[in-house]
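Visitor: Dock chain B against chain A, hints included.
As you go down the protein sequences, you meet chains A and B in turn.
The opening position of the first sequence corresponds to residue 1 in this note's numbering, with each subsequent residue numbered one higher.
The opening position of the second sequence corresponds to residue 1 in this note's numbering, with each subsequent residue numbered one higher.
Check before you lean on any hint, since a few could be wrong.
Unchecked claim - Derived pair list, reagent style DSBU-like, types lysine-lysine, alpha-carbon separation capped at 30 Å:
(1) Lys100/A - Lys4/B
(2) Lys223/A - Lys100/B
(3) Lys4/A - Lys223/A
(4) Lys4/B - Lys223/B
(5) Lys223/B - Lys100/A
(6) Lys4/A - Lys223/B
Stated by the list, open to error - For the chain A half of the interface with chain B, some residues (derived, Cβ under 10 Å), not all of them:
(7) Met135
(8) Asp139
(9) Gln148
(10) Trp171
(11) Trp197
(12) Pro202
(13) Ala216
(14) Glu221
(15) Thr224
(16) Asp227
(17) Gly230
Source of the hints: derived by calculation from the structure; they are not laboratory data.
Backbone N, C-alpha and C fix where the C-beta goes; we use that ideal spot for every residue, glycine too.
Protein chains: 2
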Amino acid sequence: MTVKQLSLPELTGACARLGIGQVGLWREPVRSYGLRATARLVRETGLTVTTLCRGGFLTAVDPAERARALDDNRRAVDEAVTLGTDTLVLVSGGLPDGSKDLRGARERVADALAELGPYAERHGVRLAIEPLHPMFAADRCVVSTLAQALDLAERFPARQVGVAVDTYHVWWDDRAPQQIARAGATGRIHAFQLADWTTPLPEGVLNGRGQIGDGAIDMREWKTYVDAAGYTGPIEVELFNDALWARDGREVLAETAARFAAHAAD
Amino acid sequence: MTVKQLSLPELTGACARLGIGQVGLWREPVRSYGLRATARLVRETGLTVTTLCRGGFLTAVDPAERARALDDNRRAVDEAVTLGTDTLVLVSGGLPDGSKDLRGARERVADALAELGPYAERHGVRLAIEPLHPMFAADRCVVSTLAQALDLAERFPARQVGVAVDTYHVWWDDRAPQQIARAGATGRIHAFQLADWTTPLPEGVLNGRGQIGDGAIDMREWKTYVDAAGYTGPIEVELFNDALWARDGREVLAETAARFAAHAAD
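Here chain A stands alone, though its shape is the one from the complex (with noise of 0.2 Å):
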């Protein structure tokens, strides 16, 4: 999504290229591709898929949208398993139109998990709950926080749920990182991504998620937090980024690689 400018056989070509062997996809432009085109794409470039982004949008009340999230979910696990990843992240999704109860809607995250999870770990896929910055809770994700999480994931084994990290996301928390040792301690960490936070916010806050090393976040302090909860996973720099997303899209590949060197690599 980082360089969602390029196409996916422009994408494995530059990853290659830049020596990336591991790649996190979106839905969405591996549907446009074709499943099992993707698939084979990736495995005849050599490259590794990382996670799958994302399941989760699993708020509803109303039954027959409640069901159709639960389908979509099943099938976003049937794609992981095409794509030879074992995680899918999910995003809880938002508050109802109209409804203020944040308790019951998280609580509605949890039931739809019960069914999930078992659904995942038959084919092999972990999820993985990323808890959304508060600023995302009323319209896109109820789980704000990675102790809200790691309270749903710990309802169920850490082999069918565990947590994404993001950065971004909790860089605010001074919680956070105990919750990472938590998560660690339970073999709950999933998935660790990265983006720096920039301001100012741009209108609807989602596409401005800064490149590596622009913003307020120490990334190689949050890499610490992981490595100490004993996270030997791959890393991903995840940026919505509008200006990011009207450069090269090799240039912005390379680039980030570059700052992942500079601010996160050993």
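Guide: Just chain B, lined up with the frame of chain A:
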């Protein structure tokens, strides 16, 4: 600030006509109208001043800048005394330019409170640390949760330092209800403010606070929490909203009073 399009005489006149007996003031309009003239105006209208907003911005590293901030906060205490309010609301300030050290910035707020608390107490004024929504952590307020605000406040006597609870900033936080109880137990709820959460957020996110009843927050639920915590002080409505500011101020004030009655009054 909710109706900053009104002059202070227009504001006090409109409050009198609506039967509103208390008003929270901001320093800038008070300074423009004149401190003593404002104090006389509110007294003659029979209004009392609930809080003065705002002191704070205490995170500077540079000694000269820090000294200027402390001076300004002592002036704010003096202004509160002249206006006849016992509560000065503090917005802590963001990260200094280029800094990524949230923890250090929070510690400098504590250092500043150690200097300002005794000064305020000698003048009969209480400082109210206002945690701002985490989306302001970088550029406006490094204190993002009620728990963080109380961790700071509890280093000092409650008659010196407490917290301001604003629904807009804490509504997403599942720990906030228990933190309100914690604040009440030590007499540290020094202000209670209402604003609703509406989306999409505007560019810069500052001026998108929703009119009571327009958004995702159950005002009566939060009033129940402060009631249960023993809070019996005034309830302020503080909206920063370009659309409300563009309308007739008297109409907005009347609407706000009606919304308050519908969504928050007993």
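Visitor: Next, verify each hint and record whether it holds.
Guide: Structure-based check of all given hints:
With a C-alpha separation of about 29 Å, the suggested pairing of lysine 100/A with lysine 4/B holds against the 30 Å cut-off. Distance check on the hinted pair: lysine 223/A and lysine 100/B sit about 15 Å apart at the alpha-carbon level, within 30 Å; holds. Restraint check: the Cα-Cα separation between lysine 4/A and lysine 223/A comes to about 25 Å, which is no more than 30 Å; the hinted pair holds. At roughly 25 Å between alpha-carbon atoms, lysine 4/B and lysine 223/B fall within 30 Å of each other, so this suggested pair holds.
Restraint check for lysine 223/B and lysine 100/A: the C-alpha separation of about 15 Å stays at or below 30 Å, so the hint holds. For the given pair, lysine 4/A sits about 45 Å from lysine 223/B by alpha-carbon distance, which is inconsistent with the 30 Å threshold. This hint holds: methionine 135/A has a C-beta 4 Å from the nearest C-beta of chain B, less than the 10 Å allowed. Annotation: aspartate 139/A was flagged as interfacial toward chain B, and the flag holds, the nearest CB pair being 5 Å apart, inside 10 Å.
The interface hint given for glutamine 148/A is met, as the beta carbon of that residue sits about 6 Å from the closest beta carbon of chain B, less than 10 Å. For tryptophan 171/A, the interface hint holds, the least distance from its beta-carbon to any beta-carbon of chain B being 8 Å, beneath 10 Å. At its closest, the beta carbon of tryptophan 197/A sits 6 Å from a beta carbon of chain B; the interface hint therefore holds under the 10 Å criterion. Nearest Cβ of chain B to the Cβ of proline 202/A: about 6 Å, under the 10 Å cut. The hint holds.
Checking alanine 216/A against chain B: minimum C-beta separation of about 4 Å stays under 10 Å; hint holds. Given hint, glutamate 221/A at the interface with chain B, holds; its Cβ is 8 Å from that chain's nearest Cβ, closer than 10 Å. For threonine 224/A, the interface hint is violated, since its Cβ never comes within 10 Å of a Cβ in chain B; the closest pair sits about 13 Å apart. Annotation: interface hint on aspartate 227/A violated; nearest CB of chain B at approximately 18 Å, more than 10 Å.
Annotation: glycine 230/A was flagged as interfacial toward chain B, and the flag is violated, the nearest CB pair being 23 Å apart, outside 10 Å.
When the structure is compared with the earlier hints, violations turn up for hints 6, 15, 16 and 17 and for no others.
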